[in-house]
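Assemble the complex: chain C is given as a structure, and chain V must be docked to it using the hints.
Number of protein chains: 2
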Amino acid sequence: MKKDIEIAQAATVAEINQIAAKIALSPADISPYSHDKAKLPLTTLNKLRQRPLGKLVLVTSINPTPAGEGKSTVTIGLADALNQLDQQAVIALREPSLGPVMGMKGGATGGGYAQVVPMADINLHFTGDMHALTAANNTLAALIDNHLHQGNQLQLDPKRIVWKRALDINDRALRETIIGLGKPANGQMRSDGFDITVASELMAILCLATDLTDLKARLNRILIGYTYDRQPVFVKDLGVAGALTVLLKDALQPNLVQTLEQTPAIIHGGPFANIAHGCNSILATEAALHAGQYAITEAGFGADLGAEKFLDIVTPQLPKAPDVIVVVATVRALKYNGGQALADLDQEDLTALEKGYANLQRHLQNMQKYGIPVVASINRFAQDTTAELDLLQNLISADGVASALTEVFAKGSQGGRDLAKLVMTASQQPANYQRLYQDDQSLTDKMTTIAQEIYGAQGIELTATAQRQLRLLKRQGWTNLPICIAKTQYSFSDQAKLLGAPSGFTLTIRDLIPKLGAGFIVALAGNILTMPGLPQHPAAEKIDIDAQGTITGLF
Amino acid sequence: MKKDIEIAQAATVAEINQIAAKIALSPADISPYSHDKAKLPLTTLNKLRQRPLGKLVLVTSINPTPAGEGKSTVTIGLADALNQLDQQAVIALREPSLGPVMGMKGGATGGGYAQVVPMADINLHFTGDMHALTAANNTLAALIDNHLHQGNQLQLDPKRIVWKRALDINDRALRETIIGLGKPANGQMRSDGFDITVASELMAILCLATDLTDLKARLNRILIGYTYDRQPVFVKDLGVAGALTVLLKDALQPNLVQTLEQTPAIIHGGPFANIAHGCNSILATEAALHAGQYAITEAGFGADLGAEKFLDIVTPQLPKAPDVIVVVATVRALKYNGGQALADLDQEDLTALEKGYANLQRHLQNMQKYGIPVVASINRFAQDTTAELDLLQNLISADGVASALTEVFAKGSQGGRDLAKLVMTASQQPANYQRLYQDDQSLTDKMTTIAQEIYGAQGIELTATAQRQLRLLKRQGWTNLPICIAKTQYSFSDQAKLLGAPSGFTLTIRDLIPKLGAGFIVALAGNILTMPGLPQHPAAEKIDIDAQGTITGLF
Numbered sequence: 002m003k004k005d006i007e008i009a010q011a012a013t014v015a016e017i018n019q020i021a022a023k024i025a026l027s028p029a030d031i032s033p034y035s036h037d038k039a040k041l042p043l044t045t046l047n048k049l050r051q052r053p054l055g056k057l058v059l060v061t062s063i064n065p066t067p068a069g070e071g072k073s074t075v076t077i078g079l080a081d082a083l084n085q086l087d088q089q090a091v092i093a094l095r096e097p098s099l100g101p102v103m104g105m106k107g108g109a110t111g112g113g114y115a116q117v118v119p120m121a122d123i124n125l126h127f128t129g130d131m132h133a134l135t136a137a138n139n140t141l142a143a144l145i146d147n148h149l150h151q152g153n154q155l156q157l158d159p160k161r162i163v164w165k166r167a168l169d170i171n172d173r174a175l176r177e178t179i180i181g182l183g184k185p186a187n188g189q190m191r192s193d194g195f196d197i198t199v200a201s202e203l204m205a206i207l208c209l210a211t212d213l214t215d216l217k218a219r220l221n222r223i224l225i226g227y228t229y230d231r232q233p234v235f236v237k238d239l240g241v242a243g244a245l246t247v248l249l250k251d252a253l254q255p256n257l258v259q260t261l262e263q264t265p266a267i268i269h270g271g272p273f274a275n276i277a278h279g280c281n282s283i284l285a286t287e288a289a290l291h292a293g294q295y296a297i298t299e300a301g302f303g304a305d306l307g308a309e310k311f312l313d314i315v316t317p318q319l320p321k322a323p324d325v326i327v328v329v330a331t332v333r334a335l336k337y338n339g340g341q342a343l344a345d346l347d348q349e350d351l352t353a354l355e356k357g358y359a360n361l362q363r364h365l366q367n368m369q370k371y372g373i374p375v376v377a378s379i380n381r382f383a384q385d386t387t388a389e390l391d392l393l394q395n396l397i398s399a400d401g402v403a404s405a406l407t408e409v410f411a412k413g414s415q416g417g418r419d420l421a422k423l424v425m426t427a428s429q430q431p432a433n434y435q436r437l438y439q440d441d442q443s444l445t446d447k448m449t450t451i452a453q454e455i456y457g458a459q460g461i462e463l464t465a466t467a468q469r470q471l472r473l474l475k476r477q478g479w480t481n482l483p484i485c486i487a488k489t490q491y492s493f494s495d496q497a498k499l500l501g502a503p504s505g506f507t508l509t510i511r512d513l514i515p516k517l518g519a520g521f522i523v524a525l526a527g528n529i530l531t532m533p534g535l536p537q538h539p540a541a542e543k544i545d546i547d548a549q550g551t552i553t554g555l556f
Numbered sequence: 002m003k004k005d006i007e008i009a010q011a012a013t014v015a016e017i018n019q020i021a022a023k024i025a026l027s028p029a030d031i032s033p034y035s036h037d038k039a040k041l042p043l044t045t046l047n048k049l050r051q052r053p054l055g056k057l058v059l060v061t062s063i064n065p066t067p068a069g070e071g072k073s074t075v076t077i078g079l080a081d082a083l084n085q086l087d088q089q090a091v092i093a094l095r096e097p098s099l100g101p102v103m104g105m106k107g108g109a110t111g112g113g114y115a116q117v118v119p120m121a122d123i124n125l126h127f128t129g130d131m132h133a134l135t136a137a138n139n140t141l142a143a144l145i146d147n148h149l150h151q152g153n154q155l156q157l158d159p160k161r162i163v164w165k166r167a168l169d170i171n172d173r174a175l176r177e178t179i180i181g182l183g184k185p186a187n188g189q190m191r192s193d194g195f196d197i198t199v200a201s202e203l204m205a206i207l208c209l210a211t212d213l214t215d216l217k218a219r220l221n222r223i224l225i226g227y228t229y230d231r232q233p234v235f236v237k238d239l240g241v242a243g244a245l246t247v248l249l250k251d252a253l254q255p256n257l258v259q260t261l262e263q264t265p266a267i268i269h270g271g272p273f274a275n276i277a278h279g280c281n282s283i284l285a286t287e288a289a290l291h292a293g294q295y296a297i298t299e300a301g302f303g304a305d306l307g308a309e310k311f312l313d314i315v316t317p318q319l320p321k322a323p324d325v326i327v328v329v330a331t332v333r334a335l336k337y338n339g340g341q342a343l344a345d346l347d348q349e350d351l352t353a354l355e356k357g358y359a360n361l362q363r364h365l366q367n368m369q370k371y372g373i374p375v376v377a378s379i380n381r382f383a384q385d386t387t388a389e390l391d392l393l394q395n396l397i398s399a400d401g402v403a404s405a406l407t408e409v410f411a412k413g414s415q416g417g418r419d420l421a422k423l424v425m426t427a428s429q430q431p432a433n434y435q436r437l438y439q440d441d442q443s444l445t446d447k448m449t450t451i452a453q454e455i456y457g458a459q460g461i462e463l464t465a466t467a468q469r470q471l472r473l474l475k476r477q478g479w480t481n482l483p484i485c486i487a488k489t490q491y492s493f494s495d496q497a498k499l500l501g502a503p504s505g506f507t508l509t510i511r512d513l514i515p516k517l518g519a520g521f522i523v524a525l526a527g528n529i530l531t532m533p534g535l536p537q538h539p540a541a542e543k544i545d546i547d548a549q550g551t552i553t554g555l556f
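As given, the protein sequences belong to chains C and V, one line each in that order.
Here the first sequence stands for residues 2 to 556, where the numbers follow the numbering used here.
Here the second sequence stands for residues 2 to 556, where the numbers follow the numbering used here.
Worth flagging that the hints you see were computed from the coordinates, not collected in a lab.
Everything numeric in this text was worked out from a predicted model, so none of it was measured.
Some hints could be false.
If several chains are the same, the list does not tell them apart, and a pair holds so long as it fits within one copy or across any two.
Heads up, simulated SDA-like pairs for lysine to any residue below, C-alpha to C-alpha not over 20 Å straight-line [stated by the list, open to error]: (1) K165 to L182; (2) K160 to L182; (3) K321 to Q537; (4) K160 to E177; (5) K165 to E177; (6) K250 to A548; (7) K23 to L49; (8) K543 to N153; (9) K543 to T553; (10) K422 to A411; (11) K475 to L224; (12) K23 to L463; (13) K543 to Q151; (14) K48 to V163; (15) K250 to E542; (16) K250 to D215; (17) K160 to I179; (18) K165 to I179; (19) K422 to R469; (20) K184 to A388; (21) K48 to S35.
Pulled out of the complex, with its shape left as it was, chain C reads as follows (with noise of 0.2 Å):
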């Protein structure tokens, strides 16, 4: 089979004006970036919100282990399915980030022939989201340091300061730093390190604003630090928050492109799932529902961590709720789950699948606690036997859920008909959507109810240090937010090892750090890296482009 880059090269490509007509919108409609590529200007999006909500398809998957799951890949086939079925579906998705295409990471914008396209300019700069992001994030860095510099008026404690610098590039080296170091004229020497841009809380916001105005007060609200006497400080307190709006105020828009079916396709954003929420844009999200009979998002990670956040941080800001909930599991990551080595994946093993069904098992339930019509989607492999897809589509059946078939990897919408089908009587069906907790819960309670509900953990425990800011959080009365939980994607539990559906354990909460921005309080339940580093041999060391600007190596 060709590599991804080679399918995407070889594509029929439309003009961007083409995706735009496609979904109503004219050449003045859209700022072009290039001729594959658009921006939807904020007044755009107040003419699209004149047109009635789609339906709204979440696509979340088991928990993502290292033989793949491709729930990106699903989200587009399944969109090009929809579409061939006569139906108009829009893909909002997250914007990948440029850090680990230059490290080992495969790309974010599907795979075979499920990609969005132009492949290649999406996974490098794209429309420049990020790289405003990061501007933003040191330009905000940079005033802080100046303003300690400078005489130090709001008596901001070098010690305390929990604004870090950003950049899109999978460095190490960055993660702990001293800066400020020389002469007097060089600042105030003190502790920093860098976060990837995806880790920043501007990525956060920028995904939960919903217009410059809430952006600007989202932007107030950061807190960047604490002073001498403890007092929290906020970028309002630095008053620069107009200037960081005006850095942002294109990456605010979303950004349309399509698949190589010619599926318009909104890509924006692109946050952690972990310490932050792991979804697309509100505003993409929005424009997906009101530009199409069908809106196919995603989100980060596994349902445990991306859907759980996009059912109670997102969907409380977006105008509806899902109507469909799709879960996406292979015969591989089950049977991983179950106990199969990676090396033994080529080999049936059903008693390994059924006890990695676990893992799906809990998934379907958890999702359906939600009051949402739950599907599974069994992204097919090659080397999966009948025996395998057989058992697991009894186990599913077994389980009152139904599910179908995905091939779109290797053969694009023909591949994900079925599973279209099926979302689309699903959609039909009456949604409830009910939240888990709600924001005026107790810290606690909240953290509570995700452990026991989402992950099957008998409780919670916090560390000192967690117990400490708790008590800081209550003392400034920040309590009244939704949980981000930050824990290993890998589990279910706080332990990256423990597959399938574990039970019993106490996850341990290290820390409570307040996101007042994005409007979310994280709560580490794990060591979590925000910084990537690069691989022995990076991909950098492959990556081409010749004198016509033919890119080789890049997936």
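For chain V alone, coordinates are given in the frame of chain C:
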């Protein structure tokens, strides 16, 4: 008078397709970025290369002063005036850096009624060139540190890495840092620092590269450090020039915008004029030369820095040398050079003007050494008296140079007609370009030539550090390259306060830095700050945006 941003916001901005049409390019020939900006793909540049070459006009100035000279404003106004006289003029300009915009600097997009638009966008993210450079610069840095971390096969000495990180932010706290702190997984601890992006060698490379192949070859030649055995290590040794070229592929394409009077302006690249060569990209100048009857370009800082480098470093790589050189001066700046205090410049002072004229006089004489017709542009300020203007015109005339008054800031093209006519006449005169030195002269000879012929020094003197570097350069055979002297822009000498036309001084060369990718040797004749800081009250405090997206406080 209205603020620059108010004038820009009130302007009638043509669709970029219409601007492209003015230089006979179709919508398919350009790559739009929104409706008012575009990139010129390399295929389009090849198309343009089939057309004849126009006249090349280089705009330069006296040494900059706090009184302001308005070089970019004159460049823009001159092109507008030529167009108004039915000549087809196209501008080639440097693109602004974002960092200073948040600090205190005025825009780099002209002023008053001689501006390029969309002014705010150009001063902010524009088409992402700076961000691509930042990403490529820091990807290389991360790859270097990753190499150290992953076994250091090349035996790079962490204390001898010369590649720094970069951000397009004014951030004094990042000038000197320690990175790689913390656990072993965080890589090798070492001292490092950040430059502002425009000071990165990548910016100089982007501005000198002629196509993707040349770009990649230059990237391969970048010196990143030395081994423990003091052997040089290059990007080619890391094998990542392909990936860096991919990151810069779009940034290599010049940007097309327009003036307030809808003159096509190609804005691309903006290297420092001290530690780099201070001119827009070769591709932009070349495109402008083929697109119009007149290509109007400018060089950074005064003629001693920017123009010298344009003529000795850039011109040999252009399809033709300048046909006319315009030296911009103002009465105020010359009076300042003649000793009048900044606060008193509104008062007539013919003595100071006559004394300060020495600065302009030497720049005019210097430019004449290149064998190209030279004219002077007196950029009129409202406070200039008739007696002052008469005196200045007489002084210039007495030196056998033609001059014209310009009032483009206040009047747009109407204020540039005299200069335009002067330039048209001068461009008919025979030009016989000759470089000041040849690359095969010794490094000392080349530096001495510039110091004596352009600066008026009696000679040069190398510090012990510079002498050591000179021996290294000779040993490595890195001598057959042009010289790029980095010194204060405020004086002909290496002392900022030595105004007018000092002579008899000795230029002290403190260090010699090989920029092998850019293809020149930087001779440091001063303490050049490559990462600016923010002032006590940064512009960011005043910049704002309303709910409709209208920006205020930018300039």
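Results of checking the hints against the structure:
Proximity of K165 and L182 under a CA criterion of 20 Å is satisfied in both settings, with 17 Å inside one chain copy and 15 Å between copies. With identical chains, the CA atoms of K160 and L182 are at most 20 Å apart both within one copy (15 Å) and between copies (16 Å). Taking the shortest alpha-carbon separations for K321 and Q537, neither the intra-copy value of 45 Å nor the inter-copy value of 47 Å comes in at or below 20 Å. In this homomeric assembly, K160 and E177 come within 20 Å of each other (Cα to Cα) both inside a single copy, at 14 Å, and across copies, at 19 Å.
In this assembly of identical chains, K165 and E177 lie within 20 Å of each other by CA distance both inside one copy and across copies; the values are 10 Å within and 17 Å between. For a Cα distance limit of 20 Å, the shortest separation of K250 from A548 across copies, 10 Å, qualifies, whereas the shortest one inside one copy, 35 Å, does not. For a Cα distance limit of 20 Å, the shortest separation of K23 from L49 inside one copy, 13 Å, qualifies, whereas the shortest one across copies, 35 Å, does not. Taking CA atoms no more than 20 Å apart as the test, K543 paired with N153 passes between copies only; the shortest distance there is 19 Å, against 47 Å inside one copy.
Proximity of K543 to T553 under the C-alpha cut-off of 20 Å is restricted to the intra-copy arrangement: shortest distance 8 Å within a copy versus 45 Å between copies. With identical chains, the CA atoms of K422 and A411 are at most 20 Å apart within one copy only, with a shortest distance of 19 Å there and 66 Å across copies. Taking CA atoms no more than 20 Å apart as the test, K475 paired with L224 passes inside one copy only; the shortest distance there is 15 Å, against 54 Å between copies. Taking identical chains as interchangeable, the C-alpha atoms of K23 and L463 are never at most 20 Å apart, the minima being 51 Å within one chain and 68 Å between chains.
Taking CA atoms no more than 20 Å apart as the test, K543 paired with Q151 passes between copies only; the shortest distance there is 17 Å, against 46 Å inside one copy. Taking identical chains as interchangeable, the C-alpha atoms of K48 and V163 are never at most 20 Å apart, the minima being 39 Å within one chain and 52 Å between chains. For a Cα distance limit of 20 Å, the shortest separation of K250 from E542 across copies, 17 Å, qualifies, whereas the shortest one inside one copy, 35 Å, does not. Taking CA atoms no more than 20 Å apart as the test, K250 paired with D215 passes inside one copy only; the shortest distance there is 12 Å, against 35 Å between copies.
Taking identical chains as interchangeable, the C-alpha atoms of K160 and I179 lie at most 20 Å apart whether they share a chain (12 Å) or sit on different chains (17 Å). In this homomeric assembly, K165 and I179 come within 20 Å of each other (Cα to Cα) both inside a single copy, at 12 Å, and across copies, at 15 Å. In this assembly of identical chains, the alpha carbons of K422 and R469 never lie at most 20 Å apart, being 51 Å within a copy and 75 Å across copies at closest. In this homomeric assembly, K184 and A388 never come within 20 Å of each other (Cα to Cα): the closest approach is 71 Å inside a single copy and 48 Å across copies.
Proximity of K48 and S35 under a CA criterion of 20 Å is satisfied inter-copy only: 18 Å between copies versus 23 Å inside one chain copy.
Consistency with the previously given hints fails for numbers 3, 12, 14, 19 and 20, ordered from lowest to highest.
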